[in-house]
Every structure is written in C-alpha cells, then in structure tokens.
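Assemble chains R, E and Z onto chain H, guided by the hints.
The lines below spell out each chain.
Number of protein chains: 4
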Amino acid sequence: MFVYGRKAQYHETDQMGVIHHASYVKWMEEARVAFLDALGCGYEEIERQGVVVPVIEIAVSYKKPVRFAESFEVGVRVARYNGRILELGYTIRNRTQGTLCTVASSKHCFLKDGRMVSPKTELPALHAVLTRLSEEEKEDAQ
Amino acid sequence: MFVYGRKAQYHETDQMGVIHHASYVKWMEEARVAFLDALGCGYEEIERQGVVVPVIEIAVSYKKPVRFAESFEVGVRVARYNGRILELGYTIRNRTQGTLCTVASSKHCFLKDGRMVSPKTELPALHAVLTRLSEEEKEDAQ
Amino acid sequence: MFVYGRKAQYHETDQMGVIHHASYVKWMEEARVAFLDALGCGYEEIERQGVVVPVIEIAVSYKKPVRFAESFEVGVRVARYNGRILELGYTIRNRTQGTLCTVASSKHCFLKDGRMVSPKTELPALHAVLTRLSEEEKEDAQ
Amino acid sequence: MFVYGRKAQYHETDQMGVIHHASYVKWMEEARVAFLDALGCGYEEIERQGVVVPVIEIAVSYKKPVRFAESFEVGVRVARYNGRILELGYTIRNRTQGTLCTVASSKHCFLKDGRMVSPKTELPALHAVLTRLSEEEKEDAQ
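Chains as they are written, first to last, in my numbering: chain H, 4 to 145; chain R, 4 to 145; chain E, 4 to 145; chain Z, 4 to 145.
Hints were generated in silico from the structure; no laboratory data involved. Take the hints with a grain of salt, since some may be wrong.
Where chains are identical, the list cannot tell them apart; a pair therefore holds if satisfied intra-copy or between any two copies.
With a straight-line Cα cutoff of 30 Å, these simulated DSBU-like cross-link-like pairs (lysine-lysine) come out [to be verified]:
no.	residue 1	residue 2
1	K66	K141
2	K141	K10
3	K110	K66
4	K141	K29
5	K67	K123
6	K123	K10
Next comes chain H alone, as it looks inside the complex (with noise of 0.2 Å):
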C-alpha cells in the first residue's frame, strides 16, 4: 500500500483542540496526489491533457483525533476500478500515538471539456497500471 505522510499544522485544528474533520477530506486530496505521482501518472500532467479527475463520493469515518504537532499517515489503495470510476481506500494513522484515526473513501470519474471520458483512451498509461492494482486487490480480497 502506497504511504504518504506528514505532521498535523496549527491552522488545521479547530477550537474542540483537534484536527478539524474537513481537514482529513484535504489529507485524502493529498494522499491521492502523492499515490498518482508514485505511479508515474500525475495528476497536473492528467489536467495538461484536458482530463480532471472529480470526486464524486466520499465517505469518512472518524475513530480516534489527530491533535497538532502529530505526525500522520495516509494509506491509499484502488479499490475499485472499472475503466470508468475509480474507488480509492484509504486507512489514516497516528504515527505520534500510533493509532487508527480515520478509514475512509473517494469515488472519482474522468471528464474532458464537461463530459465522462475512459481512460482507457485518454490516459492509457493510467488505465493500466489502475486496472493492474484493482485486479491485484480483487485477489487479496479472496
């Protein structure tokens, strides 16, 4: 599973003396960019090709709080990938506490001047390695 990582910042926090929820949403955003440079595909290189990547669902669950000045991890997988969405996972921790804090995910698709696109076609490179790794967490799930 693809790892990035950080310390928590004073302006994510709010005044209950934690991390604020929205700033995970962000985390996620982050994580997710980082996973698609690891695989080669950035994602600034995707929009200089016309495609963007929307999110179209996400879905958080909070467990433990992040406080300031801890450092955090984000694990991001490809959960799901069927050449038209694409369902990342994602498993947040406390690296400072060293506990769960946060499992969540995103549901995104691909357009292209306001319209659905395939990868398959636009980005193929992408398409690929996305199908690889669904195809790979189908098998671990057996």
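Okay, now just chains R, E and Z, sitting in the frame of chain H:
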C-alpha cells in the same frame, strides 16, 4: 426542513473552476450550527456546558458543481437520533442554477471530558427537540 | 463605507479558541467581492471578460479576536486608485463584543493573459467608479 | 536561515489557476512552527506551559505565483526581538521555477491567561535563542 444559505466564495474554489469538494463539508457544518441555533440550542452554549459534538462519520455524494458567486442552500434534517448518536441528512441545492448539487449525511456523538454522555441528562432541551424531530422523520418515512 | 458581515464559523477557529488569523484574509476577500457587486461590477463578470484582479500585497493588524458564533462586519473603502493599482482599506469589527478587531489593506493589479492592463480600457465602468471613490477619499482626508 | 519546504497542494489553488493568497499565510505558520521545532522550543510545548503566541501583524508582498504540484520553500529568520514582541521575516521561493514568490513578515506577542508575558521568565530557553538570533541579525545588517 431547516434551510441555510449563502453565496459561494472565491477562496472556496479550486483550479478546476468549481467549489472544492472539502468546502461542502464546511457548508454542512455551517448549516448544522445554524440549525442548532434555530432549535434554540446554539452550539456555543453546548460547548459552554462542557459538551462537544464531534463528527464521527460523513458521507457526501457530489452530483452537480457549485461555482463562485452562485447561491446555494443547505437543507438539514434529523435523520435518526437514539439518545446517543445523532444522524443528520443534508441536501445542497444550487439556487442560481436550480440544481440539486449534493446529498450528504453526518453522524455525531456527545462527549464530556472525553467520555460519551447522554444528551438526556446533559442537554435535556436539545434531547427533547431531537427526539421529537426524529419521531416526525420516522412518521414521514411511513 | 460599504459594510459586509456574517457570523464567524466553527471551521474558522483554531485550538487557541479564536478565529485563525488566515481566516481574516478570506473575510477581506469576501468583503471585496461583495463591495464590487455593490458597485455593479461583480468579480465573476470581470473574470468573464478575461481580466483577473490578483492580490499583490496585504497588511493586517490584529487588535482583538473574534470567536466562534460572534458576528463581525468588514468595512471596505477605496484607499487609492491610480488607474493601474487599486488599494483597499478594511476595518473588521466584532459586532457581538462591540470592538474593533482588525485593520487591514490590500493592493491589486489587473491582468489579462498574464499582462497588466488598464481598467480604463478593459473595464471602463469599474474604472469610473473607482476613480470617483478614490477622489472622494482624497477629499475626506483633507 | 532556516528553510521549510513542501509541494503546493490542489486544495490550496483557486480558480485563477494559482495558489490562493491566503494559503501563503498558512505556509508562513507552517514554517514558523518548524523553525521553533528546530530551535528546540516546539510550539506544542510552549502551549503546554500555558503560553500562546498569537499573530498581531502580518504583511505579505506577492511577486510571482506558485502553482499546484510546484515545490516551494519558506526561509524564516528573526528580524527583531525585544523580549516582548517577536518579528519574523519570510522569503518564499518557488523551487520548481527558481523564482522569488513572496516576501513577508509577522509580529507576535506572548500571552498567558490572556495577559502579555515576558518569554524571559516564562520561556527562558526560547528567550535566549531569540535574543542571540536577533543580535546576529543586527550584526548582519551592519
């Protein structure tokens, strides 16, 4: 259904030219806070009594975008309340375009000194109104 | 002076228990957008004509905090306008506490296709009103 | 000079296609926190001792943009420290483009229970290092 609304701000956009998906999570919070106010149980008053109401789950389904300077409204309703866990449902509409943009939900618990507490004893007025609204919701569903 | 206002939101707080200092920079933008709207030159219309108005300088002096659920107002005025550079002045007041919170300024230029342009030719209506307001400001200063 | 750096994130962009100007204020904070860590006086430890270090002034001059996925670095130095007020200077560079993007400063005081305190008595180790760095700064300026 309680409705909260305002205009989408420039700082809420991203380079895709639409409101960033994490902003909707903040809009849900803004609507929730206004909803509690309208119920006569302002969130600042809840915190003054030593109780916090963290988010333990969110799910957001993005259907249509909202763009800068467009007006949106967030409808909020009590989807479920069992005296311990509160689940709210949200419907975000783009008033400028007349479209349904986002359907979402959030789950919350009630904590005092880090331990789950019962609103029935800690916040009886809030408990009464949430109980009433969740019962109306069940009747509507029938 | 034009005045924009609303309530401070929970997601704008930090663990110091007050509104985070970066949020005020967003409030200045919200007030600026509302000010341009009130002048009949909405910012979305300016961008539709291919012109962007980036921030080239800000200065903010924080005097008193704003807290969650308190109401604030941002007064905006044209401090200077020379046909190229626009400088706005801001006064943020805490309506709930009746205190002056923040005094600030921002400077802006006008860009089209990445090059500085003159509002006089590109946005004549905006140029006229900014010129008038900056002259009134000079008279007030005397 | 202490240097903090990372990549610019997608959620930090706006529809102008560049990093939103309020994000730089957060980057200054991130760099300041890392700087205090490097000095051996982590900000979370300062708060644990009951002292907060609010921002009382910022000034930011934006020269060149940073875009999504570009790397930036923030240089931080002690510009002035008189035992009561701390002024930091910041230089933000776009590593990807090799450009100077932003020059900025921030001023801070030290509060305990809402009243200004002297770091000399409350945070002697921090006081010593800030005093030394501000004297080095004066010598450099000569």
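Tested hints:
For the identical chains of this complex, K66 and K141 are neighbours both inside a copy (26 Å) and across copies (28 Å), given an alpha-carbon limit of 30 Å. Neither within a single protomer nor between protomers do K141 and K10 lie at most 30 Å apart by alpha-carbon distance, with minima of 32 Å and 33 Å respectively. For the identical chains of this complex, K110 and K66 are neighbours both inside a copy (21 Å) and across copies (12 Å), given an alpha-carbon limit of 30 Å. For the homomeric pair K141 and K29, the shortest alpha-carbon distance inside one copy (27 Å) is at most 30 Å, but the shortest distance between copies (35 Å) is not.
In this homomeric assembly, K67 and K123 come within 30 Å of each other (Cα to Cα) only across copies, at 25 Å, whereas the closest approach inside a single copy is 39 Å. Taking the closest pair of Cα atoms, K123 and K10 come within 30 Å of each other only across two copies (29 Å); inside a single copy the shortest separation is 36 Å, beyond that limit.
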